[in-house]
Structures are given as C-alpha cells and as structure tokens.
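Work out the full structure: start from the sequences and follow the hints.
Letter by letter, the chains look like this.
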Amino acid sequence: MTQMTNSSTTPYTRRTKDELARRVAQDIFDGAVVNLGIGQPTLVANHLPPGREIILHSENGILGMGPAPAAGDEDFDLINAGKQPVTLLPGGAYFHHADSFAMMRGGHLDICVLGAFQVSATGDLANWHTGEPGAIPAVGGAMDLATGAKQTWVMMDLLTKKGESKLVRQCSYPLTGIGCVKRVYSDIATLECTPQGLKLVDTVEGLTREQLEALIGLPVAA
Amino acid sequence: MIDKIASSVADALAGVRDGATVLIGGFGTAGIPGELIDGLIAQGARDLTVVNNNAGNGDTGLAALLEAGRVRKIICSFPRQADSHVFDALYRSGKLELELVPQGNLAERIRAAGAGIGAFFCPTGFGTELAGQRETREIDGRQYVLEYPIHGDVALIKAERGDRWGNLTYRKAARNFGPVMAMAAKKTIATVHEIAELGTLDPENIVTPGIFVHRLVRIDRVATQAGGFARKAA
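Protein chains in written order, with our numbering: chain W, 1 to 222; chain H, 1 to 234.
It should be emphasised that the hints constitute simulated quantities derived from the structure, not laboratory data.
In this text, a Cβ means the ideal position worked out from N, Cα and C, and glycines have one as well.
Mixed in with the good hints, there may be bad ones.
Stated by the list, open to error - With a straight-line Cα cutoff of 20 Å, these simulated DMTMM-like cross-link-like pairs (lysine to aspartate or glutamate) come out:
| id | chain 1 | residue 1 | chain 2 | residue 2 |
| --- | --- | --- | --- | --- |
| 1 | W | 83 | H | 59 |
| 2 | W | 150 | H | 140 |
| 3 | W | 150 | W | 30 |
| 4 | W | 83 | H | 83 |
| 5 | H | 73 | H | 88 |
What the hints assert, rightly or not - Covered by chain H, according to a simulated footprint, are these stretches of chain W (three or more residues, beta-carbon under 8 Å):
| id | region |
| --- | --- |
| 6 | 16 to 28 |
| 7 | 163 to 174 |
| 8 | 208 to 220 |
Below, the structure written as structure tokens:
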C-alpha cells in the first residue's frame with residue numbers, strides 16, 4: 001500500500017493494483033459469466049475467490065478460458081483478446097465471432113470489467129479514444145461489451161497522474177457508451193453510477209466520503 | 001463431380017479483381033490466412049477494400065499487402081497496435097482510408113450480408129462518434145443505430161480440415177471470423193491443414209458447410225513442440 005496525503009492532509013492508503021483486482025473479484029458471484037477487458041482488468045483473473053465457479057469469456061470465441069500455459073506449451077491458436085496464449089478449462093467451448101458478440105449484445109454476459117479514461121456520474125463511459133489530433137483510434141470490443149453486458153464495471157485509478165478526477169460530471173473524451181457503467185472500482189473508493197449520480201459503496205481506510213467528494217468535485221450520496 | 005480443391009494458392013486466387021472487397025479472417029495470431037494474403041500480393045489485385053479485425057502487424061501478411069500499396073480502404077475494429085507501423089504511416093499520410101467499426105458490429109454486419117439481411121438496428125455505439133449520421137430508433141425503450149451489411153467479393157479464411165465439397169472444421173480460437181466471412185463473400189477461399197475424404201468429417205462437427213466455400217487449398221502446419229500452433233504460423 002502507498003501512503004498518500006490529500007488536500008486536507010489526512011493520510012489514506014491507496015489500493016495497489018493487486019488489491020484493487022482482489023476488491024473487484026470479491027463481488028463476482030458464483031456462477032457468473034465474466035469478460036475481463038485487456039490491461040488492468042485481466043489481473044482480476046488471478047484473484048477470483050476459491051469456491052466460486054466463474055466462467056471467463058474472451059471476445060475471440062472462448063468460454064471457460066483458463067490461465068496462461070506453462071512455457072513451451074503455448075498454442076497460438078488459443079489466445080485471449082490481448083493476443084496472449086491462454087488455456088481452456090474443462091467444460092470450455094469455442095465459437096465464432098458473431099456468436100461471441102451475440103453473447104454480449106444479447107445480454108447473456110453477467111459482468112464485464114473494463115478500464116476507462118473517464119466515467120460520468122451517471123455511468124457514461126469514455127475508454128476508446130483520446131480524440132487528440134493525430135491519435136489513431138481503435139475500439140475493438142469495448143462498445144459492444146459496455147452496451148451489452150448485464151453489468152459493466154470499470155476498474156481504474158480515480159485520479160490521473162496530474163491529479164484530475166477521472167470521475168466527471170460529463171465526459172470530455174469521445175464516448176464508448178451512454179449510462180452503461182454500473183460500478184467504478186478504484187484505488188481509493190468503490191462507487192455506483194446511478195441516473196441520480198454517484199453513490200458510495202466503500203472507501204479505503206483513512207478517506208471519508210466528504211474528502212472523496214472534495215477530491216473528485218462531485219457529490220457522492222451515502 | 002464437385003471438387004473445390006485448388007492445386008495451389010495462385011490457382012485458388014485467380015480472378016480476384018482490382019477494386020474488390022476482400023474479407024480476411026483472423027484475430028491476433030489465430031486464424032490468419034497468411035498463405036492466401038501472400039498469394040494475393042503475388043496475384044497483384046489493387047485498389048482493394050480489406051475487412052479484417054486489425055490493420056496488420058509487423059511487416060508481413062496484411063501489413064505487407066498494405067505496404068505494397070494494394071489497399072485503398074480498410075474496415076476494422078482495432079488498427080492501433082504496438083507493431084502496426086505500416087498502417088500507422090499510411091493512415092497518417094492519407095494514403096489509406098479507415099472505417100472503424102466496433103468489433104461486434106463488424107462481425108454482425110458480415111453475418112447479415114451472408115444471411116441476406118438488408119440492415120439491422122443495433123444498440124452498440126449509440127450516442128458515440130462511431131454511430132455517425134446513421135438512422136436511430138427507439139424500440140421498447142432502448143436506443144438502436146441502423147447498421148448495414150458488409151458484403152465481400154472474396155473471403156480469405158483459415159480453417160483446419162476440409163473436404164472436396166468445401167465442408168470446414170476449425171481449430172480452437174482460430175475459428176473467430178471464419179464462419180461469418182465464409183457466408184458473406186461471392187467467392188470464399190479457405191486454407192486447410194488436412195483434406196479429408198468426403199464423408200469422413202463428422203457431420204455433427206462441420207462448422208462451415210461447403211455451400212459457403214468455393215475453393216480450398218491445403219497448406220503445411222507449423223506447430224510448436226507442445227503440438228500447439230507456432231506464432232510464425234500466423
């Protein structure tokens with residue numbers, strides 16, 4: 001854990017990336033079918049609570065995705081959305097791309113966990129494009145996942161490196177989806193996005209709801 | 001007698017015309033019909049529109065087709081990659097048009113073409129830049145965007161086993177776009193690692209029925225020590 005000092009000089013402890021992944025994993029229920037986005041959300045797979053049977057979906061046509069193979073056992077016909085070699089668990093299945101995305105769009109996927117540039121208080125998501133001139137856009141499956149999964153969760157640091165809040169009243173980056181994010185799991189707090197705005201789930205030790213509101217500049221209902 | 005087996009990649013690719021829309025299967029290292037892409041470079045067709053999930057990696061395969069100046073437009077979901085330098089340079093210099101499509105819309109628009117659907121309303125991308133100026137509609141309280149099919153003149157796909165009727169099976173996540181692309185093109189060309197005697201593929205396990213396939217070419221397999229597919233096989 002890293003000790004931080006906020007504007008009111010009260011110390012609080014940020015969740016490390018693994019602690020954050022563990023926090024997300026705690027809320028994934030037994031029997032859930034889950035898609036973990038590329039990057040930080042992939043870490044959640046390492047922290048799934050024992051005793052729960054959770055099926056991982058990969059957009060390129062895998063249900064029941066398992067961990068990385070041992071060195072030398074890689075099979076480049078069996079990769080995840082991040083193009084890394086993976087394995088298939090007993091009970092797993094392969095299918096084509098249109099079926100894979102029907103699983104998302106058709107509301108068959110229980111949870112997807114995505115990274116984000118920005119999330120609005122009412123759950124708008126921006127995570128595919130910075131919109132900067134010269135930036136090459138790439139969307140992949142982000143819009144399909146965000147719009148289609150029964151629950152879209154975001155996993156991110158709450159503040160940028162410059163200290164600006166990534167939770168905002170209105171996204172300034174191009175949108176991925178409107179009102180699609182249900183929960184934001186961050187390094188210092190977990191919040192729900194609702195049509196009425198943000199609602200607190202938890203904060204890290206040493207951080208009060210009022211201090212959180214001051215950090216992000218938005219009201220957070222208790 | 002029906003015999004869709006071509007004697008060579010060049011034979012299979014004969015007749016691809018300038019200006020064609022070419023659907024190319026594959027996702028990451030899996031399911032990329034590398035031999036057919038190399039064959040298309042040798043065949044010489046230009047002014048192509050290419051449909052693929054990505055926009056080429058490194059300097060081989062699709063990246064080499066782009067570098068050879070054969071492609072006018074690419075329709076894909078994820079062009080930007082650590083090693084997409086060929087695409088990046090062509091795009092930035094305005095020599096290559098990009099139509100960016102959410103991955104599920106890409107798959108479903110291709111499937112729709114194969115299934116004879118004129119257009120469909122899809123929730124993905126509503127309210128975003130990628131919905132463009134297309135018609136929207138509220139259905140049962142949810143917002144949708146009108147999406148049009150993507151038809152191919154040619155589809156290049158990589159399968160695992162096939163027979164002379166064009167029936168195909170795939171291997172693991174190399175299936176990806178193959179089955180929907182096979183449906184959506186006027187001429188579908190598939191590579192396989194094994195040509196099976198007619199009647200020996202288990203009919204319960206045929207993923208792409210031969211009706212969607214026009215030409216088959218057998219190619220060698222490049223496998224890792226563990227039996228899995230080697231990266232260079234892509």
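Query raised in the report: Holds or violated: are the alpha carbons of residue 150/W and residue 30/W at most 20 Å from each other?
Result: holds, 15 Å
Requested in this report: Take a quick look at whether residue 83/W and residue 83/H sit within 20 Å of each other, Cα to Cα.
Outcome: Between residue 83/W and residue 83/H the Cα gap is close to 13 Å, so the pair holds against 20 Å.
Report task. Report holds or violated for chain H covering the region 16 to 28 of chain W, Cβ cut-off 8 Å, minimum 3 residues. Result -> violated (count 0)
Query - Three-residue Cβ test at 8 Å for the coverage of the region 163 to 174 of chain W by chain H - result: That given contact is violated, which follows from only 1 residues of the region 163 to 174 of chain W lying within Cβ reach (below 8 Å) of chain H.
Requested in this report: Below or equal to 20 Å on CA atoms is what counts here, so check residue 73/H against residue 88/H.
Outcome: holds, 13 Å
Report task. Take the C-alpha atoms of residue 83/W and residue 59/H, compute the straight-line distance between them, and say whether it is at most 20 Å. Result -> With a Cα-Cα distance of about 18 Å, the restraint between residue 83/W and residue 59/H holds, given a limit of 20 Å.
Requested in this report: Take the region 208 to 220 of chain W, compare each residue's beta carbon with every beta carbon of chain H, and decide whether three or more fall closer than 8 Å.
Outcome: Check failed, 0 qualifying residues.
Query raised in the report: Do the alpha carbons of residue 150/W and residue 140/H lie within 20 Å of each other, as the hint requires?
Result: Holds: residue 150/W and residue 140/H sit about 17 Å apart, inside 20 Å.
In summary, the numbered hints that this structure violates are 6, 7 and 8.
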